[in-house]
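The whole structure should be built from the sequences, with the hints applied where relevant.
This is what each chain is made of:
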Amino acid sequence: MIWPDYVPQWPLLDNPNPEQFAAPAGVIGPWGLPLVNTLLLVTSSFTVTFAHHAINHGDRKKIIGWLVATIVLGLAFLVCQAVEYYEAYAHYGLTLNSGIFGSTFFMLTGFHGAHVTIGTIMLIVMLGRAMKGHFTKTDCFGFEAAAWYWHFVDVVWLLLFVLVYIMGT
Amino acid sequence: MASDTTYESYYVPHNSALPIFASLGIFLTVYGGGNLLNEMSSGSDSNFGITVFLMGGLVMATTLFFWFAKVIEENHAKMYSQQMNKSFVWGMSWFIFSEVMFFCGVLRCTLLHPVLGCRLDRRCW
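Which chain is which? The protein sequence lines are A and B, in order. Every letter in the first sequence is one number past the one before it in this note's numbering, and letter 6, counting from 1, is 6. Every letter in the second sequence is one number past the one before it in this note's numbering, and letter 118, counting from 1, is 287.
Source of the hints: derived by calculation from the structure; they are not laboratory data. Being a predicted model, the structure only gives us computed values, none of them experimental. A hint or two may mislead.
[What the hints assert, rightly or not] Derived pair list, reagent style BS3-like, types lysine-lysine, alpha-carbon separation capped at 27 angstroms:
no.: 1; chain 1: B; residue 1: K239; chain 2: A; residue 2: K132
no.: 2; chain 1: A; residue 1: K137; chain 2: B; residue 2: K239
no.: 3; chain 1: A; residue 1: K137; chain 2: B; residue 2: K247
no.: 4; chain 1: A; residue 1: K62; chain 2: A; residue 2: K137
no.: 5; chain 1: B; residue 1: K255; chain 2: A; residue 2: K132
[Stated by the list, open to error] Ranges between beta-carbon positions, derived for each pair:
no.: 6; chain 1: A; residue 1: I118; chain 2: B; residue 2: P182; range: 22 to 32 angstroms
no.: 7; chain 1: A; residue 1: L35; chain 2: B; residue 2: P182; range: 25 to 35 angstroms
no.: 8; chain 1: B; residue 1: M270; chain 2: A; residue 2: G110; range: 57 to 67 angstroms
no.: 9; chain 1: B; residue 1: G226; chain 2: A; residue 2: L96; range: 27 to 37 angstroms
no.: 10; chain 1: B; residue 1: V275; chain 2: A; residue 2: K137; range: 29 to 39 angstroms
no.: 11; chain 1: B; residue 1: G226; chain 2: A; residue 2: I2; range: 47 to 57 angstroms
no.: 12; chain 1: B; residue 1: T220; chain 2: A; residue 2: M1; range: 54 to 64 angstroms
no.: 13; chain 1: A; residue 1: R60; chain 2: B; residue 2: H183; range: 29 to 39 angstroms
no.: 14; chain 1: B; residue 1: G226; chain 2: A; residue 2: M1; range: 13 to 23 angstroms
C-beta: ideal position from N, C-alpha, C; glycine also.
Now the structure itself:
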């Protein structure tokens, strides 16, 4: 045994050079805002499906109503993420410069947040089109594409919730 | 041998300047975004990165607006055949597939990373 005291573990929150890169005082736990965000996004996947059913039934008012609900849930998610980022920077010292956990955390959640923003813009465009009377049961692929994208964004969030927030902290 | 009647009549769009604007938009967004991150980590007060980034976003948003407006207009003019509509479905499917692969790549780096990966592989969490 060359190194009998070797432990196969890297210090996640202790940086090699704390003077240059100060370690975070803490990380974001999963059961506060991240849990709220999970509920928001999962609910929004249901509301967008209800909007799709409304298209199949040709019910214009319901299409618009469920789309508005989905967009509001998406925007609420983004607001919660912004608050979480603020807390990370202001209260925990968890930043892009605070070592490997901060870098990974902001890269994963930041890319996901960018995709939620894109998905929300898609849904807002679909809302505008629905208001102009577009979409019928046989001609609504623009809406379906946006809905697929929204489900994809939701699934990625569930992965992040488990891998980053629950297992990572 | 397939005869001519095997194929649907196919709408071929006119030449368009939109792709070159999309390239410009992507270039400015990425170039500005990269500069923005470097400025943030060096504590610089420069507005160069954010300005270029937002300009790129504006070019991209405008391009996409006119591009999709054109597609919707052509769809409403009934220019698209059944075969064309199927190609939209496949296009979106592959786009989302590429996005899934992107996130798989990023997550894989995280899981195999010596620091973060050890938590999953060796259960030191």
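How the hints compare with the structure:
About 16 angstroms separates the Cα atoms of K239/B and K132/A, which keeps this hinted pair within 27 angstroms; it holds. A C-alpha spacing of about 22 angstroms is found between K137/A and K239/B, which places the hinted pair at or below 27 angstroms, so the restraint holds. Between K137/A and K247/B, the direct Cα distance comes to roughly 16 angstroms. Compliance with the 27 angstroms bound is thereby established for this hinted pair. Restraint check: the Cα-Cα separation between K62/A and K137/A comes to about 14 angstroms, which is no more than 27 angstroms; the hinted pair holds.
Distance hint between K255/B and K132/A is fulfilled; the C-alpha atoms sit about 24 angstroms from each other, no more than 27 angstroms. Restraint check, I118/A to P182/B: a C-beta distance of roughly 25 angstroms satisfies the suggested window 22 to 32 angstroms. For the pair L35/A and P182/B, the beta carbons lie near 47 angstroms from each other, so the given range of 25 to 35 angstroms is not met. Under the hint 57 to 67 angstroms, the C-beta atoms of M270/B and G110/A, about 18 angstroms apart, miss the expected range.
Range check, G226/B to L96/A: about 20 angstroms between beta-carbon atoms, so the 27 to 37 angstroms window is missed. Checked against the given bound of 29 to 39 angstroms, the beta carbons of V275/B and K137/A, roughly 38 angstroms apart, stay inside it. Between G226/B and I2/A the beta carbon distance is about 53 angstroms. The supplied range of 47 to 57 angstroms therefore holds. One distance hint, 54 to 64 angstroms for the beta-carbon pair T220/B and M1/A, holds here, with the actual separation near 58 angstroms.
The hint said 29 to 39 angstroms for the Cβ distance between R60/A and H183/B, and at roughly 33 angstroms that hint holds. Remark: the range hint 13 to 23 angstroms for G226/B to M1/A is contradicted by a beta-carbon distance near 56 angstroms.
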